[in-house]
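Undergrad: Residues per chain, in single letters:
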Amino acid sequence: MEIPVVFLGGQYNHLIMRALREIGVSSRRIMPKTTLEDLKGIDGLIMGGGAYSVNDGMGRFGRLPEIVERADFPVLGICLSHQLIGKLLGGEVVKGRKPEYGKTVVRVIEEDEILAGVGKEFVAWASHNDEVIRTGRERFSVLAESDCCRVEALKAAGSPIYGVQFHVEVAETPKGTEILRNFVNVCRR
Amino acid sequence: MVCTISGPNGNQAFDPASFAEEKVAEIRRFVGEGKAAIATSGGVDSTVCAALAHRALGDKLVCFFLDTGFMREGEAKEVGGILTSLGLPLRVLQVSDRFMEGLKGKADAESKRIAFRQTFYTVLGEAARAEGCDVLIQGTIAPDWIETAGGIKTQHNVLEQLGVDTRSAFGFRLLEPLLDLYKDQVRRLAVFLGVDLPVAQRQPFPGPGLMVRCIGEVTREKMDLLRKATRIVEGELSKLSPPPKQYFAAVAEDDRRGADERIARSAVGASGKAWYLGARATGVKGDERAYGRMVVVDPGTLSDPAELFWVTDKVIHEDWGVVRVLLSVKERDHGGYAVIVRSVETRDFMTAKPTPVPRAVLERVASSVMEDERVGLVCYDLTSKPPATVEFE
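Top line first, the protein sequences correspond to chains D and Z.
For what it's worth, the numbering used here labels the leading residue of the first sequence as 2, then goes sequentially.
For what it's worth, the numbering used here labels the leading residue of the second sequence as 9, then goes sequentially.
A hint or two may mislead.
Stated by the list, open to error - Below are the DMTMM-like pairs computed for lysine to aspartate or glutamate, each with C-alpha atoms no more than 20 Å apart in a straight line:
hint: 1; chain 1: Z; residue 1: K322; chain 2: D; residue 2: D148
hint: 2; chain 1: D; residue 1: K96; chain 2: Z; residue 2: D327
hint: 3; chain 1: Z; residue 1: K361; chain 2: Z; residue 2: E399
hint: 4; chain 1: D; residue 1: K41; chain 2: D; residue 2: E3
hint: 5; chain 1: Z; residue 1: K281; chain 2: Z; residue 2: E315
hint: 6; chain 1: D; residue 1: K121; chain 2: D; residue 2: E146
hint: 7; chain 1: D; residue 1: K96; chain 2: D; residue 2: E146
hint: 8; chain 1: D; residue 1: K104; chain 2: Z; residue 2: E315
hint: 9; chain 1: D; residue 1: K99; chain 2: Z; residue 2: E326
hint: 10; chain 1: D; residue 1: K104; chain 2: Z; residue 2: E296
hint: 11; chain 1: D; residue 1: K176; chain 2: Z; residue 2: E353
hint: 12; chain 1: Z; residue 1: K68; chain 2: Z; residue 2: E34
hint: 13; chain 1: D; residue 1: K99; chain 2: Z; residue 2: E296
hint: 14; chain 1: D; residue 1: K99; chain 2: Z; residue 2: D327
hint: 15; chain 1: Z; residue 1: K322; chain 2: Z; residue 2: E269
hint: 16; chain 1: D; residue 1: K96; chain 2: Z; residue 2: E296
hint: 17; chain 1: D; residue 1: K99; chain 2: Z; residue 2: D268
hint: 18; chain 1: Z; residue 1: K361; chain 2: Z; residue 2: E242
hint: 19; chain 1: D; residue 1: K104; chain 2: Z; residue 2: E353
hint: 20; chain 1: D; residue 1: K104; chain 2: Z; residue 2: E326
hint: 21; chain 1: D; residue 1: K104; chain 2: Z; residue 2: D327
hint: 22; chain 1: Z; residue 1: K112; chain 2: Z; residue 2: D75
hint: 23; chain 1: D; residue 1: K96; chain 2: Z; residue 2: E326
No lab work stands behind these hints: they were computed from the structure.
Keep in mind the model is a prediction, meaning the values are calculated, not measured.
From just these sequences and the hints, can you work out the full model?
TA: Pasting the structure below:
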């Protein structure tokens, strides 16, 4: 089983690989310029966070938009990559009204597979200035929200493409490992 | 950047035995027939790295301790003892004047860190060459290069990840066997390598030492106050059960000025007070470096810090430039300096939350610290990481 991690320069990208290793999944670091052809044979893909805004241009995302559009494997985007997925699927990314740095409480709207078994609400850690919002034309469903952020988790309509605004890979998100396991289970099928 | 997960360990939970075996072979290959130097601060990363390198190289390893002038009381002696217990003779370099010289006139946190790094490698390069070493081994771990490459703060031990060619700049080849590890994994490796438990459990101490806790410009007076406060804070907080993952003191000028009324109101209500400090401190917000203001709050009640952790969000939502919110434990209208107590709980130091230290313990710390008439304010840092970092600069 192999799930590579796309590094976008964020503080916790390397921790995603650590978390995957700890649940017995092979991982390697890849860069945004990686093509779909390079990714042949993988079971799933996780895209990490980073320090810029999707509204400042798509140049730094390399081939990721194409990968999100055409992937035949499950994809999980975290933080900045969650915002990328939200934007590609017709949502809008705006400056958050109240930025979240550190602890937040995530409320589950719809479990789907990715949030199965994590309860109605859970503590998570986040670190972001921008957030995804719905436009009425979006091609995703909102799986979770918080007081400061309207889309904490999303799932693309009709495909196993997920986004989470909070960080499942940090030790301060106790349910993070469970959510990663859920994603790995989606990749197993 | 070297950070791919590779080797037999790559795809499972961390196993110290196979990690050590793999790294010993790598160190031997890299050093070849030559000699290697290592600088240790007595912290767990560099001590474990020294133990690992010693296992690989035996007496082809020369171990240095730089007395930068930013060490705690009795540190040099303690570190000497730790290394001797591992069978490693330690050469102590008395170089505090050169570090003070390099810092002259610098108050900005990044300028201080960059000046420290420059002096560090210049001094170490000279000493290593004098011993005939052409390789420097160092205990850089994952958070060091992640924070440096991410522009959060310049860790003194990160060079190659920034594109610095160490051979032409400082005259040595660099090897960093622990790059992929986090602190909890280093501690497990320490136990495997037979490092004494108190050392394996020793709380982190930054390479630039007390320099990054002496907020703003470094002066002899501030360093003197900080050393005393450090002894008091470490003495009191180490008695907590269990002891916090990291706990220490920092010092800044006490130049409190009134904060925005909205901040005071939303954070501590009508009966409370809030002030800005003049000094700035380092934080990390949305994966970006933040270098911003510190706000001191006094709710007017004798609350435990744990009841006030929520206040940090309130303050930051009023003023996005704030990186730290401090609870005033004790204050008086003379003094001139503020001593800040910092204590955190964390697995890997990438994220951290403040320790719920009981008010009574902080009161005791404050009373002892304030026996020095130069201290006018003692605070407790309520901020998690993010938005603050663990250290102040």
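Undergrad: Against each hint, give a clear statement of whether it holds in the structure.
TA: Here is what the structure says about each hint:
1. K322(Z) with D148(D): holds, 13 Å
2. K96(D) with D327(Z): holds, 15 Å
3. K361(Z) with E399(Z): holds, 13 Å
4. K41(D) with E3(D): OK: K41(D) and E3(D) at ~11 Å, within 20 Å.
5. K281(Z) with E315(Z): holds, 17 Å
6. K121(D) with E146(D): holds, 11 Å
7. K96(D) with E146(D): It holds: about 16 Å lies between the C-alpha atoms, which stays within 20 Å.
8. K104(D) with E315(Z): Between K104(D) and E315(Z) the Cα gap is close to 15 Å, so the pair holds against 20 Å.
9. K99(D) with E326(Z): Distance of about 9 Å is within 20 Å: holds.
10. K104(D) with E296(Z): Given that 20 Å is the threshold and the Cα spacing comes to 17 Å, the pair holds.
11. K176(D) with E353(Z): Holds. K176(D) to E353(Z) sits at ~18 Å (cutoff 20 Å).
12. K68(Z) with E34(Z): holds, 15 Å
13. K99(D) with E296(Z): holds, 17 Å
14. K99(D) with D327(Z): The given pair, whose Cα atoms are some 11 Å apart, holds under the 20 Å limit.
15. K322(Z) with E269(Z): holds, 13 Å
16. K96(D) with E296(Z): holds, 15 Å
17. K99(D) with D268(Z): holds, 18 Å
18. K361(Z) with E242(Z): Given pair K361(Z), E242(Z) holds - Cα atoms ~18 Å apart, limit 20 Å.
19. K104(D) with E353(Z): holds, 14 Å
20. K104(D) with E326(Z): Roughly 17 Å between the alpha carbons, so the hint for K104(D) and E326(Z) holds.
21. K104(D) with D327(Z): This hinted pair holds, its Cα atoms lying about 18 Å apart.
22. K112(Z) with D75(Z): Roughly 18 Å separates the two Cα atoms, so the pair holds.
23. K96(D) with E326(Z): Holds, because 15 Å separates the two Cα atoms, which is no more than 20 Å.
Hint violations for this structure: none, all hints satisfied.
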